[in-house]
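Undergrad: Respectively, the protein sequence lines represent chains A and B.
One point on numbering: in full-length UniProt numbering, the residue at position 526 of the first sequence is 526, and numbering is uninterrupted.
One point on numbering: in full-length UniProt numbering, the residue at position 268 of the second sequence is 268, and numbering is uninterrupted.
Hints should not be assumed to be uniformly reliable.
Stated by the list, open to error - Derived, one-sided and incomplete: chain A residues facing chain B with beta-carbon distance under 10 Å:
1. Ser138
2. Pro311
3. Asp469
4. Leu484
5. Glu560
6. Cys582
7. Asn586
To be verified - A few chain A residues facing chain B, derived, Cβ under 8 Å:
8. Met189
9. Phe459
10. Ser470
In case anyone wonders, no lab produced these hints; they're calculated from the structure.
Computed from a predicted model, the values in this text were never measured in an experiment.
Quick reminder that beta carbons are idealized off the backbone N, C-alpha and C, glycines included.
There are 2 protein chains.
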Amino acid sequence: MSPKTTTELLKQLRQVMKSPKYVQEPVQAYIVPSGDAHQSEYIAPCDCRRAFISGFDGSAGTAIVTEQHAAMWTDGRYFLQAAHQMDNNWTLMKMGLKDTPTQEDWLVSVLPEGSKVGVDPFIIPADQWKRMSKALRSAGHDLVPVKENLIDTIWTDCPQRPCKPLITLDLSYTGVSWRDKIVALRSKMAERKVLWFVVTALDEVAWLFNLRGSDVEYNPVFFAYAVIGMNTIRLFIDGDRMMDPAVKEHLQLDSTLEPEFKIQVMPYGSILSELQAVCAGLSPKEKVWLSDKASYALTEAIPKAYRYLTPYTPICIAKAVKNASETEGMRRAHIKDAVALCELFNWLEKEVPKGTVTEIIAADKAEEFRSQQKDFVELSFATISSTGPNGAVIHYKPVPETNRTLSVNEIYLLDSGAQYKDGTTDVTRTMHFGTPSAYEKECFTYVLKGHIAVSAAIFPNGTKGHLLDSFARSALWDCGLDYLHGTGHGVGSFLNVHEGPCGISYKTFADEPLEAGMIVSDEPGYYEDGSFGIRIENVVLVIPAETKYNFKNRGSLTFEPLTLVPIQTKMIDVNLLTQKECNWVNDYHQKCREVIGAELERQGRHEALQWLVRETEPLRVQ
Amino acid sequence: MSPKTTTELLKQLRQVMKSPKYVQEPVQAYIVPSGDAHQSEYIAPCDCRRAFISGFDGSAGTAIVTEQHAAMWTDGRYFLQAAHQMDNNWTLMKMGLKDTPTQEDWLVSVLPEGSKVGVDPFIIPADQWKRMSKALRSAGHDLVPVKENLIDTIWTDCPQRPCKPLITLDLSYTGVSWRDKIVALRSKMAERKVLWFVVTALDEVAWLFNLRGSDVEYNPVFFAYAVIGMNTIRLFIDGDRMMDPAVKEHLQLDSTLEPEFKIQVMPYGSILSELQAVCAGLSPKEKVWLSDKASYALTEAIPKAYRYLTPYTPICIAKAVKNASETEGMRRAHIKDAVALCELFNWLEKEVPKGTVTEIIAADKAEEFRSQQKDFVELSFATISSTGPNGAVIHYKPVPETNRTLSVNEIYLLDSGAQYKDGTTDVTRTMHFGTPSAYEKECFTYVLKGHIAVSAAIFPNGTKGHLLDSFARSALWDCGLDYLHGTGHGVGSFLNVHEGPCGISYKTFADEPLEAGMIVSDEPGYYEDGSFGIRIENVVLVIPAETKYNFKNRGSLTFEPLTLVPIQTKMIDVNLLTQKECNWVNDYHQKCREVIGAELERQGRHEALQWLVRETEPLRVQ
């Protein structure tokens with residue numbers, strides 16, 4: 001792929017940064033974060049402003065344009081991709097490396113005295129505003145809200161904001177009705193003595209009302225806000241989506257509900273003025289609760305004395321702990337997903353040697369097999385189908401310019417997943433269709449040891465996920481190796497494939513403790529720039545663990561893999577495994593064979609079943 | 001030990017909380033933190049205000065007294081001790097347990113509307129003031145500084161503030177002269193564009209000037225502040241200590257130095273007014289650097305716009321990375337310390353079966369053997385000499401009321417250390433002088449596995465210590481066990497036995513990355529209330545590690561034990577060790593035998609040498 005030419009765009013942006021039409025006073029720098037007004041990680045095309053101005057379209061990154069410079073901060077997953085996609089106008093700031101300045105420090109080092117730094121107040125989270133504003137102020141600069149988004153002013157062919165139909169989810173999927181979720185939320189509000197709750201994250205709105213949408217690719221969400229009072233429910237949503245009889249019925253819009261469950265539907269764009277109106281009617285001690293990651297615009301709408309901010313909302317925390325219906329749905333989804341992948345890998349094993357399968361063809365084939373499964377909705381993220389050196393581009397997505405042909409000489413890494421109506425999947429397997437080198441096997445085996453160390457870990461109730469991160473790295477560290485990304489993220493239930501408040505990362509310090517019912521990924525890796533990438537990822541469910549003793553009656557937890565797809569034994573150097581690790585692999589493969597084998601049988605997929613049986617032969621220590 | 005009777009004292013305190021003589025307006029609550037005006041962990045008797053008012057004299061804890069309640073927050077090390085030492089007037093708040101409220105939440109729950117909460121502004125760190133003040137304000141209360149310390153007003157027999165002679169350390173101990181330390185500090189100040197630096201921590205003042213004192217027991221520090229400008233040095237210190245010819249010579253007080261190295265000596269009590277005078281002369285952009293843990297009083301003395309606060313000062317960070325002279329000194333100190341402990345354990349082995357050795361006698365004997373070693377100054381903390389159930393009181397100190405006799409039927413835990421002029425030691429060994437039970441051996445072996453997992457860990461340069469904490473717990477977690485304290489702390493070089501900015505803990509998130517030359521403890525444990533305590537502690541030096549590969553050229557680190565005292569093999573269940581762990585123990589014991597054996601030989605301590613040889617027999621897997 002060739003980098004996007006941004007010289008002209010940057011010139012235009014620098015002009016509007018000084019134009020009295022858009023800014024009260026000229027701004028010497030303009031920040032373009034990745035998010036949308038809901039601080040979503042994945043965003044609609046109309047919100048891809050950072051990609052528009054820079055060319056870099058990874059899921060995480062912040063652009064800052066000054067009169068002289070243009071710089072992009074992104075993390076280890078995207079160093080190679082960003083370097084490829086951006087032209088010479090841009091400086092890549094590699095986050096997580098020792099010498100990389102923070103955005104604030106960099107701004108202070110390049111700005112002339114007394115500068116103004118502009119940002120769209122709807123796009124920047126309040127906590128980030130606060131941090132940045134403080135740092136800039138202490139260096140004599142000012143962070144200022146620019147009401148009109150400056151990128152939008154120069155983005156002449158910006159797409160429309162999507163407004164697609166909604167899906168209603170009944171109790172068999174959600175386990176809890178939206179009314180009961182409102183009741184639970186209000187009880188959390190009462191506990192904290194707050195009167196109002198503002199739902200700003202798209203997946204929280206979707207979860208709360210047991211609705212799904214498709215406004216953002218891969219994420220079954222829809223553009224909406226909600227404001228929940230102790231006796232009122234306001235849903236801010238555009239289009240005629242509320243006219244759909246199924247939605248009307250689901251939300252009981254026409255029935256004579258108790259007033260406290262009556263949903264008032266309001267235009268999406270009226271959230272700010274409605275929130276201001278709510279706040280105008282508040283008396284002291286009446287608090288409004290919202291996430292400290294909500295936009296600066298909405299946070300500022302609430303007078304400081306009335307604000308109750310928390311890093312994670314009660315919806316975020318409740319959503320993370322899956323109930324029995326959701327867990328069963330996730331299990332079903334993962335069984336179907338494994339069936340699709342067994343079909344795929346069986347097909348690849350036959351086709352790759354012919355030299356006709358490209359990364360794009362393999363990704364399309366994976367989607368085809370998945371789409372044959374019941375309740376398939378869409379993919380849960382852009383498939384990472386990468387072979388050889390492309391595997392080292394951690395969040396690679398094959399495009400015609402980079403599309404490589406799979407061969408028997410290179411490692412193939414497939415990170416993919418789907419949205420089914422009963423659950424969300426996310427799985428990575430690394431395969432070799434010929435004979436892997438000793439070094440490739442060695443690296444793969446260290447990654448596998450890390451994967452097992454997390455998956456088999458037993459830890460006390462109340463442990464935060466970041467305390468498990470080093471288990472995934474220990475085998476790599478012993479040999480001087482490592483990987484520059486976290487080990488795991490929360491996974492939604494037919495919702496976003498990345499969700500808070502838990503995860504397994506050396507970076508995440510504000511994560512909430514792991515609890516039984518939470519679902520996270522376990523995905524250590526190893527990447528060698530220019531050569532290959534290895535990652536082994538399962539989605540795992542937090543479950544209670546039986547232990548010999550029970551210190552302070554705290555109870556223990558461990559993980560149960562929901563993903564049941566064979567891990568290629570050909571890539572394993574058995575001599576590097578302990579007996580315990582060897583047993584783990586064999587037990588896992590035995591379960592894959594039983595559970596997925598039965599489903600392949602049921603679906604009459606006999607060739608894939610034979611592949612599964614071959615691939616789940618027990619390891620033997622040599 | 002019987003609890004302190006505090007009814008009358010609390011009554012008096014509640015009176016002065018309302019007395020116009022001491023407070024502008026009555027305060028409904030008064031906070032008594034543990035620290036002194038330098039936020040020291042260990043404090044002089046005159047600063048033991050929290051112990052005076054409550055009876056609880058552990059090293060960490062905060063008391064809050066309201067009109068109705070008296071509550072004490074402390075951590076897992078002190079739950080039992082605090083419960084023993086406090087009478088019924090006090091409620092123990094067990095920090096780290098799920099249901100324990102924070103001080104702020106508790107205050108909000110018990111205070112009448114619009115309360116004032118008082119605290120001594122010199123004793124409360126600014127960061128804590130900020131957090132607490134914000135929380136109280138948002139609930140309608142006010143945190144107010146009370147100039148006169150209210151405990152001092154009722155503490156009629158409060159001891160004098162100590163003012164003991166100083167020790168000067170020459171280059172053979174420190175490796176770097178105080179002038180070169182000032183030069184390095186000024187260069188850090190120039191980097192951050194600050195003009196003034198306020199040294200508030202006692203160990204930072206001592207380290208900067210290569211001086212030591214004995215104003216605080218176990219900590220070779222002296223009461224002083226320093227204010228360093230780009231061309232001036234002000235040292236705030238009381239008494240005639242600067243009249244000592246050795247000190248005069250060391251600081252070159254009488255010589256015609258370049259003005260920028262001329263030290264102005266000022267009274268200790270003048271720090272606040274002098275700092276205010278410095279600030280009065282500042283123009284915008286002239287910043288004053290101090291720790292964000294410095295007292296609220298000193299922080300407030302600097303107008304907000306001029307403040308440059310960091311969690312760790314450049315002195316704290318420089319002090320943590322020991323140079324070659326300091327490292328060699330620490331090695332020498334640990335060799336001498338091991339000689340003393342070999343003598344002690346040899347003596348205990350003979351004496352314990354006679355039934356005449358109490359915890360206090362054993363602690364005294366340990367001190368006696370240490371005091372025979374060259375350059376011994378004092379102990380580095382109160383010896384934890386505990387047997388049987390006392391071992392479960394994590395920071396136990398034997399007193400006549402609790403003093404148990406060591407026997408062949410109970411586990412004995414000794415956590416002790418000393419200050420030598422060339423280094424500071426801190427070592428814990430857990431011994432059985434009879435036949436340990438299978439369960440005791442099992443628990444000991446899990447703790448040992450954790451100790452080895454940290455000590456032998458290899459990790460990338462730049463890794464923070466908290467990422468290693470779970471390695472110490474993994475073997476315990478597997479069986480449902482755990483311990484409620486961190487795994488390691490920084491250790492000073494003939495300075496405080498606990499020092500920042502590094503450590504190994506699940507709690508410490510603001511720790512600085514580990515670097516070669518840093519020195520920390522590695523001390524997992526297991527404690528069973530009412531039965532026994534186990535801890536295995538070495539002081540370890542961070543050193544570069546040789547690895548097979550070198551990802552991103554980052555380099556790797558590992559630990560070298562400085563402590564060289566045998567770990568009792570009788571307590572080890574060899575069947576629970578891996579071959580690698582077994583080798584670690586044998587290699588460690590081999591090194592103890594070589595290094596300490598040679599020194600025992602040199603000192604003519606033949607019986608202790610025989611004990612060492614017996615105790616370092618290699619383990620054999622059965």
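Undergrad: Give me the numbers of the hints this structure contradicts, sorted from smallest to largest.
TA: Hints 2, 5, 6, 7 and 8 contradicted; others consistent.
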